[in-house]
Structures are given as C-alpha cells and as structure tokens.
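Engineer: Listed here are the chains, written in short residue letters.
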Amino acid sequence: MEIQENTGFAPWGDPEAKPLIRFQNVTKRFGTFTAIDNLTLDIYAREFFALLGPSGCGKTTIMRMLAGFEDPSEGEIFLDGENIAGVPPNRRPVNMMFQSYALFPHLSVWDNIAFGLRRSEMARDKTRIAARVEEMLKLTRLEKFARRKPHQISGGQRQRVALARSLAKAPRLLLLDEPLGALDKKLRQETQFELMDIQERTGTTFVIVTHDQEEAMTVASRVAVMDHGKIVQVDTPATIYEAPNSVYVADFIGEINIFKGHASPPRDGFCEIAFAEGLAPIRARAPEEMQGEAEVSFAIRPEKVLIGPERPPELPEGRANAYRGKVIDIAYLGNISTYHVELAGGQKVKVQAANTRRIQRRTITWEQEVWISFTDTAGVVLTR
Amino acid sequence: MRRFALIAVPYLWLLVLFLVPFLIVLKISLSDATLAIPPYTPTLDLSRGWQGVRDWAAGLDLENYWFLTEDALYWKAYLSSLKIAVLSTLLTLLVGYPIAYGMARAPDHWRPTLMMLVILPFWTSFLIRVYSWKAILSQEGLLNQFLLWLGVIHEPLTILNTNTAVYIGIVYTYLPFMVLPIYAALEKLDESLLEAAEDLGCSRLSAFWLVTVPLSRQGIIAGSFLVFIPAMGEFVIPALLGGSRTLMIGKVLWEEFFSNRDWPVASAVAVVLLLLLIVPIVLFQRNEQKNREAEG
Numbered sequence: 001m002e003i004q005e006n007t008g009f010a011p012w013g014d015p016e017a018k019p020l021i022r023f024q025n026v027t028k029r030f031g032t033f034t035a036i037d038n039l040t041l042d043i044y045a046r047e048f049f050a051l052l053g054p055s056g057c058g059k060t061t062i063m064r065m066l067a068g069f070e071d072p073s074e075g076e077i078f079l080d081g082e083n084i085a086g087v088p089p090n091r092r093p094v095n096m097m098f099q100s101y102a103l104f105p106h107l108s109v110w111d112n113i114a115f116g117l118r119r120s121e122m123a124r125d126k127t128r129i130a131a132r133v134e135e136m137l138k139l140t141r142l143e144k145f146a147r148r149k150p151h152q153i154s155g156g157q158r159q160r161v162a163l164a165r166s167l168a169k170a171p172r173l174l175l176l177d178e179p180l181g182a183l184d185k186k187l188r189q190e191t192q193f194e195l196m197d198i199q200e201r202t203g204t205t206f207v208i209v210t211h212d213q214e215e216a217m218t219v220a221s222r223v224a225v226m227d228h229g230k231i232v233q234v235d236t237p238a239t240i241y242e243a244p245n246s247v248y249v250a251d252f253i254g255e256i257n258i259f260k261g262h263a264s265p266p267r268d269g270f271c272e273i274a275f276a277e278g279l280a281p282i283r284a285r286a287p288e289e290m291q292g293e294a295e296v297s298f299a300i301r302p303e304k305v306l307i308g309p310e311r312p313p314e315l316p317e318g319r320a321n322a323y324r325g326k327v328i329d330i331a332y333l334g335n336i337s338t339y340h341v342e343l344a345g346g347q348k349v350k351v352q353a354a355n356t357r358r359i360q361r362r363t364i365t366w367e368q369e370v371w372i373s374f375t376d377t378a379g380v381v382l383t384r
Numbered sequence: 001m002r003r004f005a006l007i008a009v010p011y012l013w014l015l016v017l018f019l020v021p022f023l024i025v026l027k028i029s030l031s032d033a034t035l036a037i038p039p040y041t042p043t044l045d046l047s048r049g050w051q052g053v054r055d056w057a058a059g060l061d062l063e064n065y066w067f068l069t070e071d072a073l074y075w076k077a078y079l080s081s082l083k084i085a086v087l088s089t090l091l092t093l094l095v096g097y098p099i100a101y102g103m104a105r106a107p108d109h110w111r112p113t114l115m116m117l118v119i120l121p122f123w124t125s126f127l128i129r130v131y132s133w134k135a136i137l138s139q140e141g142l143l144n145q146f147l148l149w150l151g152v153i154h155e156p157l158t159i160l161n162t163n164t165a166v167y168i169g170i171v172y173t174y175l176p177f178m179v180l181p182i183y184a185a186l187e188k189l190d191e192s193l194l195e196a197a198e199d200l201g202c203s204r205l206s207a208f209w210l211v212t213v214p215l216s217r218q219g220i221i222a223g224s225f226l227v228f229i230p231a232m233g234e235f236v237i238p239a240l241l242g243g244s245r246t247l248m249i250g251k252v253l254w255e256e257f258f259s260n261r262d263w264p265v266a267s268a269v270a271v272v273l274l275l276l277l278i279v280p281i282v283l284f285q286r287n288e289q290k291n292r293e294a295e296g
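Protein sequences appear in the order of chains Z and Y.
The opening residue of the first sequence carries number 1 in the working numbering; numbering runs sequentially from there.
The opening residue of the second sequence carries number 1 in the working numbering; numbering runs sequentially from there.
By construction, these hints were calculated from the structure, which means they are not laboratory data.
All C-beta atoms, glycine included, are put in the ideal place defined by N, C-alpha and C.
Just to be clear, a hint being listed does not mean it is correct.
Example chain Z residues on the side facing chain Y (calculated, C-beta under 7 Å, incomplete) [claimed, not checked]:
hint, residue
1, Thr32
2, Phe33
3, Asn90
4, Asn95
5, Met96
6, Ala322
Whenever a hint applies, use it, and build me the whole structure from the sequences.
Structural biologist: Written out as structure tokens, the structure is:
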C-alpha cells in the first residue's frame with residue numbers, strides 16, 4: 001500500500017528514472033561483526049533521503065561508505081552509474097557534514113568554508129572563492145560571524161558553518177550525520193525547516209542519518225527504517241507512518257497499540273482477529289499477501305481510536321469495532337491528552353484525543369468506564 | 001589573610017632559592033678577582049657601618065662585562081652554544097614528532113606502555129646514561145662494531161669527542177621533553193577533523209600539514225623551548241661526549257670557575273647567559289598562557 005501525497009516528486013515510482021546512488025548487494029563486515037547485511041537500495045537525485053534506526057543499526061556505516069571512509073566487503077556502490085569502490089574521499093563529488101561538525105578550530109568561519117574550495121579546481125581563482133564563500137555565508141545567514149573562530153560562536157551557528165562548509169563545493173551528494181543532534185528542541189525544529197529550504201534551493205541530494213523519527217518524518221522525501229544492518233522498510237514518511245510493513249517499523253515510528261491475535265481467513269478483503277477471550281474479534285482490512293488463517297498483530301495509532309462515555313452508534317455499514325474499558329491513567333500534554341484504557345481482557349490501549357475543551361470541562365476522568373472504538377480501516381494487520 | 005599566606009609560600013621559595021642566589025652572583029660579577037678567600041674583592045664589611053657599605057659599592061664596576069666583549073672566546077662560545085642548541089632542538093623535533101604521533105595514533109590499550117617507555121630513562125641517573133654513550137660511540141664502541149660487521153664502513157668512524165656526539169647526547173637526553181607536550185596536543189586531536197579535511201579534498205599528506213601540524217603547534221612550541229633552554233647552558237654532555245674543539249658556554253663557565261678560579265668573570269658569564277635565556281623563557285610562558293586561554 002502506498003499513501004499518496006500531492007508533492008509530485010516521486011522518482012522512485014518511475015521505472016525510467018535513473019538513481020543517483022545505487023547500493024547493490026552491499027555487505028560490510030568489521031571482523032566478525034556484520035554492520036551491513038546484503039543491502040540493495042536506490043537513492044534518486046534531489047531526494048532528501050533519511051536513514052533511520054537505533055544506534056548500531058548500520059546507518060552511519062552506509063554514510064561512511066558513501067563518503068569513502070569505508071569500502072564494502074562485498075557488493076558494489078554506484079554513483080551516477082559508476083562504481084565508486086576504491087575512490088578516496090577527496091576524489092568523490094560527495095561532501096559530509098559531521099555529527100561533531102568537525103570545524104577546524106584554528107581557522108575562522110570564513111576560512112573553514114573556503115577550505116574545500118582552496119583544494120578544488122577553483123584554487124587559483126581567489127575572487128571566485130571569495131564570491132562562493134560570501135554566497136554560502138548569505139545562504140546560512142552567517143555574514144556577521146565570518147571573522148570569528150568556531151569557539152567564539154554558538155552551537156546553532158556552528159551547525160550552520162558546518163552546513164555551509166559542506167555545501168560550498170556544490171557536491172552531487174551531501175551526507176548529514178545526525179546534523180541536529182547537538183541542538184536543543186526548539187532550535188532543532190527551526191533548523192529542520194531551514195535544512196529543507198536550503199535543500200530545495202540548492203537542488204542538492206541530501207542523505208541524512210538520524211535516530212530521531214520526528215526529524216526523519218519532517219525533512220525527508222523518503223525514509224529507510226533500519227534494524228541490525230538491514231533495511232526493514234523504505235517509503236515516504238506518510239506510508240511509513242500509516243502503513244508500516246512490520247511490527248518493528250510500526251513500533252519504531254511514533255506511538256502505537258499492538259493487539260496480538262489469531263486472524264480468520266479473509267473474506268471480501270476483511271478478516272476478524274480474535275485477541276482476547278470473551279471480547280468480540282477486531283474486524284480489519286486484511287493485507288493482500290494474507291491467504292488463510294494466521295497469527296497476526298493488529299496495529300493502530302492512538303489518535304485513530306475514539307473514546308467516549310457511551311457506546312458509539314453503529315456506523316451505517318456496521319463496521320466499527322467498539323470495546324468497553326476503564327481509564328487507568330491520563331497524560332495531559334496541553335494540546336492533546338493520552339488516555340490509558342484497560343479492556344476487560346487486560347489489554348491496555350492508548351487513546352489520544354485533542355483537548356478541544358478547557359480542562360475543567362473534561363468529561364472523562366480516572367477510573368471511569370468508557371467506550372473505545374475504531375473503524376475497520378483505521379489500523380493495519382501485520383503478519384511479521 | 002590565609003590567601004596571602006598561601007601565595008607567600010611559593011614566592012618565598014622563589015625569593016630564597018632563586019632571587020637571593022642570583023643577586024649574590026650579580027654582586028660577584030661586579031667585583032674584581034683576587035687571590036684570597038673568597039677569591040674576589042671588595043667584600044662587604046658591615047662592622048664598619050655605613051662607611052663600609054659605601055666603600056663596598058664604590059669597588060663595584062662593569063669591568064668583567066667589558067672583558068667578555070674584548071675576548072672573542074666568550075661571544076664565540078655564546079654563538080656556538082646557540083647554534084648547537086638550535087640545531088639539536090630541530091633534530092629533537094624531527095625525531096620526537098613521529099614518536100609522539102605514533103603514540104597518539106596507537107590503540108588505547110598500548111598508550112600507557114608507550115608512555116612508560118618514554119619516561120623510563122628518567123629512572124636511571126642522567127650522568128650514567130650520558131656516560132654510557134661513550135661506550136656506544138667510541139672507536140671500538142658498539143656502533144662502530146655493528147657498522148663494521150654490516151660492512152657499511154671499513155674504517156671505524158670518529159664520533160666520540162666531536163660535535164656530532166654532543167648532538168646525539170642532547171637529542172637523546174631531551175627527547176622526552178619534546179615527545180610529551182606534542183603527544184599531549186596530538187592526543188586531543190579529534191579524528192573527525194582529519195576525515196573532514198579529506199572529505200573536503202585533501203590528500204592524507206596535505207591533511208597532515210593543514211590540520212594536524214597547526215593543531216599541534218602549541219605542543220611543538222612548548223617542546224622546543226623545553227629542549228632549547230637547558231641545551232643552551234648544557235655542560236655535562238659537551239664535557240663527556242664533546243671534544244676539545246666543542247665550544248659551549250657551559251663549559252667555558254665551568255673552566256672560568258674551577259680552573260681559572262676567576263669567580264667574577266664566571267659570574268658575569270652566568271648573568272649574560274641568564275639574560276639571553278630570559279627572552280625564550282618569556283616567550284615560552286606566553287605560549288603556555290595562550291594555551292590555557294584557548295582551552296579555557
């Protein structure tokens with residue numbers, strides 16, 4: 001299933017499109033440890049591609065192989081159709097923004113940005129270098145800090161210097177290793193939009209490594225969710241969120257309720273999942289690959305579950321799932337509240353509802369008997 | 001009050017062990033040599049009161065300093081010391097930098113051992129270590145025997161009692177003083193800076209010149225001063241390993257003092273040496289200060 005978004009930019013869906021980067025059966029081992037396990041992946045020009053996963057999942061290794069600091073143990077990596085194995089980092093049209101920024105402490109902001117240009121074919125042309133540095137300073141709004149040393153500016157400014165320096169040589173591909181990890185939350189959110197804006201204006205292909213799913217969802221055109229050296233799912237943020245292909249992805253991205261149960265054979269594209277004795281089975285859309293009965297996980301996002309003091313009226317088609325439960329906890333987050341509801345069988349369900357009324361007038365409170373409900377298309381049935 | 005007492009202790013230490021001896025040497029350098037005990041005149045006779053002080057002060061003059069400029073031996077000795085100190089500092093840097101670099105790049109669990117190996121020679125007396133070089137460098141020494149056995153040379157080389165032996169001695173003795181500050185600077189160096197340099201188009205070698213060397217500059221400067229300053233006044237190494245033609249100010253000083261028993265001239269030599277060394281010492285202090293500011 002693919003969730004449609006109206007951005008118009010989707011080269012991965014076009015069989016004619018040539019990828020900028022192609023990983024073909026790439027394996028990378030460090031001693032006996034396999035960091036990347038038989039990876040095949042295409043990344044297209046102008047994409048903002050996010051590698052998302054917990055630490056140690058191999059996402060940084062992919063980035064270091066693209067930069068040229070590591071070579072694959074097996075398989076090939078193509079850039080513009082050319083195998084780049086063995087090409088040293090200084091000869092690749094690829095630049096990297098390091099997690100620690102790696103700004104040269106002995107050079108000013110200006111000289112840091114000019115560093116790469118002075119080692120390029122532009123080296124002799126001082127006026128062109130100056131023009132390019134000024135352009136980068138303007139792009140990252142650093143004009144005032146050009147003469148300062150890295151230790152004389154703030155963390156957010158340092159982050160922008162690192163970005164300007166890695167963009168200065170106009171690389172075909174820019175790698176960003178946890179670029180916003182060192183910033184506080186508010187600055188991080190602002191910078192995310194700045195990054196997207198700069199990516200769009202320069203037309204550079206960005207590959208970002210992050211463990212922050214919100215960041216990946218915000219900035220990326222496509223997200224690859226990784227686990228133990230393998231890519232579990234590559235899709236647009238919306239597809240990853242709404243139609244995860246496995247419990248791992250569903251659980252990694254955002255909050256989710258998982259009901260483990262036994263699914264009946266699908267009929268008319270729907271199946272019924274028995275998850276607790278004495279409770280009605282969940283009616284849900286069956287995945288295409290499901291044939292007969294199966295042990296499955298039903299996954300549904302907290303905001304797609306409704307909560308109320310009364311049993312909701314049946315939908316016209318009679319396709320709603322409704323259960324009685326008791327509120328055991330309420331987390332008030334300001335704009336929304338998360339209700340922890342325990343069903344009769346002991347299954348706990350998180351429900352999110354927008355606080356459209358002032359808190360004093362809230363109708364649901366602790367220990368209250370409530371009804372939760374969701375339609376038969378609100379969740380996904382996962383077979384792995 | 002307690003703070004004052006705390007500061008007073010090191011200052012008292014400096015006053016008693018540095019300033020007072022220096023003033024005594026300065027005073028002797030302004031006196032005249034004589035055959036007596038002590039071998040200089042005038043001596044301060046406080047029993048004669050104010051008159052005694054006035055007579056003593058009237059007897060002081062700069063004659064010994066003028067003498068240093070008249071005899072070419074002295075400025076030649078100063079110059080030769082300067083040359084030997086500068087050259088051996090450079091040699092120590094050339095030998096020490098790769099050692100420090102190797103130590104800083106070694107795996108973590110190796111570093112304490114390597115550090116130990118650098119410091120280990122300090123556990124043996126400096127004098128014995130320099131003396132043992134005689135056994136290595138002499139005509140029948142280990143080095144000549146080894147080279148003859150290899151067939152590289154057919155006649156034993158004359159190394160002992162030449163300036164070459166002095167250079168070898170100084171480089172050997174002061175190597176740890178060069179290695180340790182450079183190692184301290186290189187160890188702090190963030191590996192990702194070198195990767196960033198390569199990523200931006202540097203070869204390994206140019207990354208070394210453009211990143212590693214500038215960022216270890218403070219260590220290089222500190223190490224060089226730590227070698228240069230004692231090498232300038234070095235006496236034991238030229239006395240044991242150098243020949244009669246090795247001219248160093250430390251040796252001249254020793255001869256004036258013990259062979260000629262001319263305490264005033266010897267003192268004048270010492271005072272001039274100290275004045276010459278104040279320049280690099282002040283520069284060294286400034287470097288250290290800058291270091292601390294950059295880190296703070």
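Engineer: May I ask which of the numbered hints given earlier this structure violates, with the numbers listed in increasing order?
Structural biologist: Hints 1, 2, 6 contradicted; others consistent.
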